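Please put together the full structure from these sequences, using the hints given.
72 is the number that the numbering used here gives to position 37 of the sequence shown; each next residue is one higher, with no gaps.
I should point out that these hints are in silico values taken from the structure, not numbers from a laboratory.
The model shown is predicted, which means the values in this text are computed figures rather than measured ones.
Every residue, glycine too, gets a C-beta built ideally from N, C-alpha and C.
A couple of the hints might just be wrong.
In silico EDC-like cross-links for lysine to aspartate or glutamate, where the CA-CA straight-line distance does not exceed 20 Å [unchecked claim]:
id, residue 1, residue 2
1, K150, E116
2, K129, E142
3, K129, E169
4, K150, E112
5, K95, E142
6, K95, E185
7, K150, D160
8, K129, E172
9, K129, E145
10, K176, E86
11, K95, E184
12, K129, E143
13, K95, D133
14, K95, E112
15, K95, E143
16, K150, D133
17, K176, E85
18, K176, E89
19, K138, D160
Derived DEER-like restraints, expressed as beta-carbon distance ranges [what the hints assert, rightly or not]:
id, residue 1, residue 2, range
20, R56, S97, 34 to 40 Å
21, R56, E172, 24 to 30 Å
22, L188, S97, 19 to 25 Å
23, R92, S118, 19 to 25 Å
24, S136, E169, 17 to 23 Å
25, P189, E142, 33 to 39 Å
26, S139, E184, 32 to 38 Å
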Amino acid sequence: MGRIGLKAGVLSRVSKEGGGRVALAYVDFVYSAPAGAAGIAALLRVADSEEFVEHVRAVKVSTPHQAAYQAVILALEAARELSPTLLVIFCRSKRIVDEISSKSPSEENEALYLKAQALMNQFRDVRIQHVRPETTERARKAAERALAEELGLPLSGATPEEGELILTP
36 MGRIGLKAGV LSRVSKEGGG RVALAYVDFV YSAPAGAAGI AALLRVADSE
86 EFVEHVRAVK VSTPHQAAYQ AVILALEAAR ELSPTLLVIF CRSKRIVDEI
136 SSKSPSEENE ALYLKAQALM NQFRDVRIQH VRPETTERAR KAAERALAEE
186 LGLPLSGATP EEGELILTP
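Below, the structure is given as C-alpha cells:
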C-alpha cells in the first residue's frame, strides 16, 4: 500500500497545528452469504512508519454492509492502543463511508453505526475516506485468510469481487 493523499492536506495540517500522532487504518472484509459470516481486517500504522499492525477476525453477519461496519469498528478498537491525535480510516465501502460521514445510518446498520460512533467519540479526530478497492487489497487478503480459517477451508487463490468470498470446498 502506498501513501494516500488526504483532501485538504489533512496530514500536513495536523503537524502544523501542534503535531500529534496520526494513525492510518486500512479496513476491508470478505463476506460469505452461505456461512452468514465474514472475515474482517484492519491494518494500522502510525503515519511516519511503514510498519503495519494487522488485526483480523471472523464475525457472524447478515450482510456485506454489516461486515464493512465491523471492519471499521475493529480499526477503531485497535487504534485506541496508538492514542492518535488523528485517525484516518480508509474503506472501500462507499455506503458505509457515506453513512458514517452523513450521520445517517440505514435502519439495518443502526446498531453498528451507534457502536462505531461511540468508539469515534473516544478520539480527538477521526476521518473516514472512501478509497478504491486496490488501496485496501492487503487488508482484504488478511480478511479472506481469517474467514477461510474460521470455516476450515483452504483459499482458492481466486480474486473475490466486491466482498464475495471464493473458497475451495
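Going down the list of hints, with the structure as the test:
1. Of the pairs offered as hints, the one joining K150 and E116 holds, with about 18 Å between alpha carbons and a cut-off of 20 Å not exceeded.
2. Of the supplied pair hints, the one linking K129 and E142 holds, its CA atoms being roughly 17 Å apart against a limit of 20 Å.
3. Distance hint between K129 and E169 is fulfilled; the C-alpha atoms sit about 14 Å from each other, no more than 20 Å.
4. Taking the CA atoms of K150 and E112, the gap is about 11 Å. The hint holds against a cut of 20 Å.
5. Restraint check for K95 and E142: the C-alpha separation of about 18 Å stays at or below 20 Å, so the hint holds.
6. A C-alpha spacing of about 11 Å is found between K95 and E185, which places the hinted pair at or below 20 Å, so the restraint holds.
7. Taken as a hint, the K150 and D160 pair is honoured in the structure, with Cα atoms around 16 Å apart against an allowance of 20 Å.
8. At roughly 16 Å between alpha-carbon atoms, K129 and E172 fall within 20 Å of each other, so this suggested pair holds.
9. Simply put, K129 and E145 have alpha-carbon atoms about 16 Å apart, close enough for the 20 Å limit, and the pair holds.
10. For the suggested pair K176 and E86, the alpha carbons sit about 17 Å apart, so the restraint of at most 20 Å is met.
11. For the hint pairing K95 with E184, the CA-to-CA distance comes to about 14 Å; that is within 20 Å, so the pair holds.
12. With a CA separation close to 16 Å, the supplied pair K129 and E143 stays within the 20 Å bound.
13. For the hint linking K95 to D133, the alpha-carbon distance of about 23 Å lies beyond 20 Å, and the restraint is violated.
14. Restraint check for K95 and E112: satisfied, since their Cα atoms lie roughly 18 Å apart, inside the 20 Å limit.
15. Between K95 and E143, the direct Cα distance comes to roughly 15 Å. Compliance with the 20 Å bound is thereby established for this hinted pair.
16. A C-alpha spacing of about 16 Å is found between K150 and D133, which places the hinted pair at or below 20 Å, so the restraint holds.
17. In summary, the hint linking K176 to E85 is supported, as the alpha carbons are separated by about 18 Å, within the 20 Å threshold.
18. Among the hinted pairs, K176 with E89 is consistent with the structure: their alpha-carbon atoms are about 11 Å apart, no more than 20 Å.
19. Using a Cα cut-off of 20 Å, the hinted pair K138 and D160 holds, with the two alpha carbons roughly 15 Å apart.
20. In this structure the hint that R56 and S97 lie 34 to 40 Å apart at CB holds, the actual value being about 36 Å.
21. Distance hint for R56 and E172: a CB-CB separation of about 26 Å, consistent with the stated range 24 to 30 Å.
22. At about 20 Å, the CB distance of L188 to S97 agrees with the hint of 19 to 25 Å.
23. Between R92 and S118 the beta carbon distance is about 22 Å. The supplied range of 19 to 25 Å therefore holds.
24. Between S136 and E169, the C-beta spacing of about 22 Å keeps the proposed range 17 to 23 Å intact.
25. One distance hint, 33 to 39 Å for the beta-carbon pair P189 and E142, holds here, with the actual separation near 37 Å.
26. Distance hint check: the CB atoms of S139 and E184 are about 35 Å apart, consistent with the given range 32 to 38 Å.
Checked against the numbered hints above, the structure breaks only hint 13 and satisfies the rest.
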